[in-house]
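Trainee: The chain contents come next:
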Amino acid sequence: MKKFFHVSDIGDLDAALREAAWVKADPFHWKSLGTDKTAIFIFFNSSLRTRLSSQKAAMNLGMNAIVLNVGADSWKLETQMGVIMDGDKPEHLREAIPVIGSYCDLIGVRSFARFEDRDFDYQETILNQFVEYSGKPVISLESATVHPCQAFADLITIDQYKTKPRPKVVLTWAPHPNPLPQAVPNSFAEWMNAADVDFVITHPEGYELDPQFVGNARVEYDQMKAFEGADFIYAKSWASYREYGKVLSRDRAWTVSARQMAVTDNAYFMHCLPVRRNMIVSDEVIDSPRSLVIPEAANRVVSAQVVMKRMLEAMQ
Amino acid sequence: MKKFFHVSDIGDLDAALREAAWVKADPFHWKSLGTDKTAIFIFFNSSLRTRLSSQKAAMNLGMNAIVLNVGADSWKLETQMGVIMDGDKPEHLREAIPVIGSYCDLIGVRSFARFEDRDFDYQETILNQFVEYSGKPVISLESATVHPCQAFADLITIDQYKTKPRPKVVLTWAPHPNPLPQAVPNSFAEWMNAADVDFVITHPEGYELDPQFVGNARVEYDQMKAFEGADFIYAKSWASYREYGKVLSRDRAWTVSARQMAVTDNAYFMHCLPVRRNMIVSDEVIDSPRSLVIPEAANRVVSAQVVMKRMLEAMQ
Amino acid sequence: MKKFFHVSDIGDLDAALREAAWVKADPFHWKSLGTDKTAIFIFFNSSLRTRLSSQKAAMNLGMNAIVLNVGADSWKLETQMGVIMDGDKPEHLREAIPVIGSYCDLIGVRSFARFEDRDFDYQETILNQFVEYSGKPVISLESATVHPCQAFADLITIDQYKTKPRPKVVLTWAPHPNPLPQAVPNSFAEWMNAADVDFVITHPEGYELDPQFVGNARVEYDQMKAFEGADFIYAKSWASYREYGKVLSRDRAWTVSARQMAVTDNAYFMHCLPVRRNMIVSDEVIDSPRSLVIPEAANRVVSAQVVMKRMLEAMQ
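Chains as they are written, first to last, in our numbering: chain A, 165 to 480; chain B, 165 to 480; chain C, 165 to 480.
Worth double-checking, as some hints may not be accurate.
The list treats identical chains as interchangeable, and a pair is accepted whether it falls inside one copy or across any two copies.
Below, computed lysine-lysine pairings styled on DSSO-like, alpha-carbon distance capped at 27 Å [to be verified]:
#	residue 1	residue 2
1	LYS410	LYS240
2	LYS188	LYS201
3	LYS240	LYS253
4	LYS188	LYS240
Everything labelled a hint here was simulated from the structure, so no lab data went into it.
From just these sequences and the hints, can you work out the full model?
Mentor: As structure tokens, this is what we get:
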């Protein structure tokens with residue numbers, strides 16, 4: 165396992181879910197795997213859950229964990245090739261990446277979509293440079309187009325709470341004051357398409373995700389219809405892919421509230437967090453006993469630990 | 165021990181001081197207590213001593229320590245309930261706290277008084293949310309109204325240096341360019357009232373502390389009179405409690421200098437640091453052999469370690 | 165070994181290089197040396213390599229490593245004695261240093277030249293206060309005038325790649341948009357003068373380094389002539405020492421490119437990084453197989469580990 169970007173990187177999902185259950189039951193069982201191994205987690209953007217859960221997962225495995233905040237601890241990094249570097253970026257990724265690689269055994273990188281150039285973002289330009297130049301396994305801690313540690317944790321959570329062999333899972337767009345990346349819905353769609361669930365995506369017109377992530381999912385523009393009989397509601401805001409990076413709607417009718425939850429099959433509510441209360445979801449829904457946002461976040465340690473465990477095992 | 169806010173949380177002070185002496189003499193004796201345990205220290209405000217001494221104390225106990233700077237590493241957190249979150253705060257404490265709690269075994273929180281609303285501050289709104297929602301033991305690393313790790317370290321220091329069974333201890337206000345929280349004088353007063361010392365508080369009119377912290381302490385408005393025969397002088401600036409958050413005086417006559425120290429019984433000088441030289445205290449006093457500011461800061465590791473040790477023992 | 169500032173602090177260079185080779189071959193061999201020992205690394209300025217390699221080296225030795233960013237994690241620190249502290253700096257180094265010293269066993273400090281006062285910088289005012297007041301061994305992680313961990317790593321790299329008993333090593337100035345400190349060229353010159361190499365410094369007029377660092381090195385103002393027959397080219401920009409802190413030239417003819425490399429004896433290219441591509445060095449030179457910038461950076465762990473290992477051994 166040289167990288168963790170896509171659902172295909174984890175292989176058989178049933179095996180991955182069984183492994184997640186073991187890790188959850190006995191998190192310190194593999195502590196010797198990480199002896200004398202160091203993980204470096206690099207943040208080009210802010211983070212709470214990912215920052216903490218990645219460190220915790222690494223420590224559970226007996227690794228040393230080092231965190232680097234680019235732009236705060238360190239300086240800005242140039243990402244374009246062939247430029248005369250006379251501006252505000254004193255170092256090029258082309259040097260920074262192999263240097264970081266030489267100081268550790270495993271790298272996690274958070275680098276959000278910039279919304280300046282869809283091709284630059286969707287080619288995962290930054291993350292692929294890490295894969296190419298670091299010489300070490302690379303984990304996306306939310307990059308321009310994917311957030312696989314989140315989607316894996318989401319799947320673990322659904323697997324844990326489902327009461328039907330093939331639950332209905334609905335990914336719904338929700339309003340937000342700012343344009344947000346598509347990494348979370350992309351990965352969630354990718355993982356749900358690979359899992360044994362009945363998967364539906366709902367959003368206003370214009371919010372269609374990149375077809376490579378939508379795959380065979382059903383897309384339903386009527387939110388209420390999409391929610392009918394659902395077992396899991398997964399809410400998330402994202403900016404338009406078509407009109408790249410634009411906010412096309414702030415329609416609060418899409419805010420997930422008791423009105424929509426009423427037509428589900430007593431569905432659980434999920435969100436990756438951070439969540440804007442009363443924009444994405446009403447207080448009553450997120451504070452209800454059917455809200456899974458906290459156990460879902462807790463599973464971030466489990467998903468990260470399974471991924472790092474496999475990377476460490478491959479180094480043996 | 166589910167929280168450490170007040171002197172009452174530590175129980176019998178003699179027992180606590182004996183335990184502090186053991187910890188100081190053999191800091192690594194309890195390293196196995198912290199195996200596979202993680203402390204998360206959350207800073208809403210800057211810190212030097214607290215940041216370093218908390219990490220050191222956790223490491224002495226064999227724990228993993230993770231530091232999170234809210235607003236730098238992570239984003240701003242909403243603290244009010246029921247709001248529509250369409251502003252600059254992308255996450256609510258109501259989610260952030262249980263998530264953090266799920267990643268660790270013990271939480272330390274620094275969150276200063278905001279001076280916007282005395283009730284909000286004096287109800288310890290932020291810290292109490294951590295207690296209520298985290299499910300983990302919570303240590304105040306200076307919150308709106310208390311700084312118990314500091315006060316415990318101060319008591320350890322006084323106990324270590326006292327040459328009389330019941331020394332006279334004077335808490336004196338001192339001038340400062342900015343309005344400072346009352347957490348340090350509140351906790352110092354609370355701990356001194358509980359300890360076996362002769363305790364006097366001196367400050368200009370208008371700087372009276374909250375009566376719940378003043379307790380039975382003698383209040384003396386004449387600084388020189390208060391200092392007479394004192395064994396320990398504890399200087400600190402704070403803003404008014406009555407005219408909440410206001411600076412009522414910058415009178416440099418209150419700056420602790422040789423003039424005032426001359427009427428003491430060759431008193432030791434104490435301050436929690438950071439200290440404004442020649443505002444709070446003159447160079448000659450803080451640089452004298454009777455200044456305890458460095459051993460006092462060193463005892464911050466001891467007080468933090470005793471508290472975390474007890475919390476870990478309660479988890480056994 | 166109470167401090168690591170100058171080449172003289174490391175003693176016999178052959179012994180140091182042999183030790184570096186052992187450390188590189190078996191980095192975890194001395195893990196018990198650091199048991200219950202803590203290193204604090206203090207950054208007054210940004211850092212990538214130094215930050216990561218220092219933590220890695222400390223962890224390789226079994227130490228706990230704590231990082232403190234002054235001005236971000238903590239507040240600004242006053243450095244002048246005798247002032248009334250009524251400005252924006254709430255704490256004096258005179259307190260902060262012994263407090264930090266009381267929390268750890270070993271201190272690393274990054275504190276760049278300020279270019280306000282050459283005497284203040286060249287007296288290493290900040291670092292010397294750490295030596296005087298901390299009571300602990302102090303490592304310069306690039307201070308006002310020296311960067312010894314870098315120079316030691318450079319020597320290790322040259323030793324590793326040299327194919328002649330006494331290679332020709334050229335330190336060349338190169339253009340940069342901003343005035344940069346002299347710490348790197350100072351230390352490189354100091355270490356090369358002490359090593360068994362044929363050492364030449366080349367730069368435009370006005371860029372002469374402090375004579376105490378130039379020592380017996382040959383200074384050649386004609387860059388092409390300096391490069392003739394060279395085995396190692398070490399590029400670096402720095403601001404003028406004479407007209408202290410001034411940029412006297414941005415002449416891109418000094419940018420190291422294939423033109424200059426052609427007259428060398430197929431020299432290796434070195435730079436401490438971060439490097440401005442196409443200002444300091446052309447893409448073709450830094451991307452060529454003769455570029456050592458990555459192995460040179462990787463050796464930063466080795467040099468730091470040798471230094472800390474010796475400091476820990478002295479504590480036994």
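Trainee: When the structure is checked against the list of hints, which entries are broken? Sort them ascending.
Mentor: Of the numbered hints, just 4 does not hold.
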